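Novice: What follows is the residue order along each chain.
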Amino acid sequence: MKRRGELSFEGILGVAFISLILATVIAVAQFYKARNPADPENHDITASYNIILTTLREDVQIAAVAEIASDSFTLYNSQSDLISRYAFIGGNLHRFDKNEKGEILLKGVESVFFKTGEDLPNLLTVKIMPADRMDIPFFTSFALRGINHDLN
Amino acid sequence: MKKIRVKAPVRDIIVCMKMSPKNRPVRSQPRCGTSLMELLLALAVLSAAMYPVVFIFRIGNPPKQTNQQEYTATLLAHHVIETIVARRAINPSYLPAMSDPEPVVESAEHVEPVSQYFRSISSDDSSITETNDPQLFWTLKPYKCQIDTYYLDGNLFKAIVYITYQREGRTMKVFFERLLPQKALEVNGEGEE
Numbered sequence: 000m001k002r003r004g005e006l007s008f009e010g011i012l013g014v015a016f017i018s019l020i021l022a023t024v025i026a027v028a029q030f031y032k033a034r035n036p037a038d039p040e041n042h043d044i045t046a047s048y049n050i051i052l053t054t055l056r057e058d059v060q061i062a063a064v065a066e067i068a069s070d071s072f073t074l075y076n077s078q079s080d081l082i083s084r085y086a087f088i089g090g091n092l093h094r095f096d097k098n099e100k101g102e103i104l105l106k107g108v109e110s111v112f113f114k115t116g117e118d119l120p121n122l123l124t125v126k127i128m129p130a131d132r133m134d135i136p137f138f139t140s141f142a143l144r145g146i147n148h149d150l151n
Numbered sequence: 000m001k002k003i004r005v006k007a008p009v010r011d012i013i014v015c016m017k018m019s020p021k022n023r024p025v026r027s028q029p030r031c032g033t034s035l036m037e038l039l040l041a042l043a044v045l046s047a048a049m050y051p052v053v054f055i056f057r058i059g060n061p062p063k064q065t066n067q068q069e070y071t072a073t074l075l076a077h078h079v080i081e082t083i084v085a086r087r088a089i090n091p092s093y094l095p096a097m098s099d100p101e102p103v104v105e106s107a108e109h110v111e112p113v114s115q116y117f118r119s120i121s122s123d124d125s126s127i128t129e130t131n132d133p134q135l136f137w138t139l140k141p142y143k144c145q146i147d148t149y150y151l152d153g154n155l156f157k158a159i160v161y162i163t164y165q166r167e168g169r170t171m172k173v174f175f176e177r178l179l180p181q182k183a184l185e186v187n188g189e190g191e192e
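Residue numbers (numbering that gives the first Met the number 0), protein chains in the order written: chain A, 0 to 151; chain B, 0 to 192.
It is worth saying that the hints were derived from the structure and are not from the lab. Any given hint might turn out to be false.
To be verified - Taking lysine-lysine pairs in the BS3-like style, the calculated list, with each CA pair at most 30 Å apart, reads: (1) A:Lys32 / B:Lys157; (2) B:Lys172 / B:Lys157; (3) B:Lys157 / A:Lys106; (4) B:Lys172 / B:Lys140; (5) B:Lys157 / A:Lys114; (6) A:Lys100 / B:Lys157; (7) A:Lys32 / A:Lys114; (8) A:Lys97 / A:Lys114.
To be verified - Quick partial rundown of chain A residues pointing at chain B, CB under 8 Å, derived from the structure: (9) Ile51; (10) Thr54; (11) Leu122.
Since this is a predicted model, take the numbers as computed values, not measurements. Glycine included, C-beta positions come from ideal geometry on N, C-alpha and C.
Start from the sequences, fold in the hints, and give me the full structure.
Specialist: Shown next, in the form of structure tokens:
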């Protein structure tokens with residue numbers, strides 16, 4: 000005899016199936032929302048910094064010379080061909096490739112500072128101060144590896 | 000014949016609830032034991048069944064970089080490693096000197112000198128102070144940089160850069176490693192720092 004409140008085996012399977020489908024739908028929605036950079040709730044400065052870090056690391060692999068201006072720097076390879084240009088324009092950090100095709104790497108930038116050392120011309124130091132003072136600044140350096148491929 | 004369901008009056012229900020334990024129907028003891036076993040079994044099955052659900056939620060969640068302190072430490076370690084790489088590009092026999100934990104900014108509170116990798120990083124080729132770059136100074140003040148260099152087999156050195164900082168009373172460390180081959184050792188039989 001079936002007791003009160005007892006589910007049949009098919010009933011348990013049905014509940015488990017519905018629970019799994021619901022959980023999957025919620026997880027997919029969560030995943031989509033988190034991966035959507037247009038969503039203002041997903042503002043995470045480190046995610047933007049990661050893009051800058053990755054892009055610059057790719058560029059310095061083949062860069063031999065960095066030409067520094069006040070709000071920009073340009074990377075050239077050992078044959079003096081343009082690799083990319085990074086510029087601070089209108090509160091945003093832009094990257095222009097060799098075809099001058101631009102993209103915004105970071106929005107809401109207060110100031111930038113680029114330098115190469117006198118004793119180390121092959122070391123590019125990048126400092127980015129975000130407009131939002133609650134965010135951390137970006138400060139790191141990149142060795143221009145295009146001079147000596149053994150470094151890679 | 001027409002069946003009529005009669006709802007019990009509230010008073011009767013209350014009387015039933017107040018019935019003494021003696022008058023309640025007594026369940027047999029083996030029935031209780033079986034129920035407990037069933038409950039435990041159900042819990043075990045449910046725990047196992049929940050694993051895929053938890054896994055789905057875990058992969059659905061993005062790996063949030065909420066710890067900005069750790070991220071800054073990673074950037075600083077990257078700066079030091081890249082400086083070592085740049086120095087070796089100019090002088091292939093260069094090896095980073097071992098050091099104790101040293102501050103990365105110049106402050107009156109620090110007794111130790113600023114780490115050599117952070118002595119000329121400001122716009123005026125000096126170390127960062129509270130006056131020349133206050134925002135970066137306060138961000139980098141908690142960090143210290145330590146270098147360890149080891150000799151491995153086959154004329155190979157290993158440099159480890161530790162960036163340490165305090166979080167909730169605990170010393171946290173971020174470290175980067177880099178292998179540094181010494182070609183000069185093979186030629187000259189000795190290395191230089």
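Novice: Against each hint, give a clear statement of whether it holds in the structure.
Specialist: Structure-based check of all given hints:
| no. | hint | verdict |
| --- | --- | --- |
| 1 | A:Lys32 / B:Lys157 | violated (42 Å) |
| 2 | B:Lys172 / B:Lys157 | holds (18 Å) |
| 3 | B:Lys157 / A:Lys106 | violated (38 Å) |
| 4 | B:Lys172 / B:Lys140 | holds (15 Å) |
| 5 | B:Lys157 / A:Lys114 | holds (28 Å) |
| 6 | A:Lys100 / B:Lys157 | violated (40 Å) |
| 7 | A:Lys32 / A:Lys114 | violated (38 Å) |
| 8 | A:Lys97 / A:Lys114 | holds (21 Å) |
| 9 | Ile51 | violated (10 Å) |
| 10 | Thr54 | violated (14 Å) |
| 11 | Leu122 | holds (4 Å) |
Comparing the model with each numbered hint stated earlier shows that hints 1, 3, 6, 7, 9, 10 do not hold.
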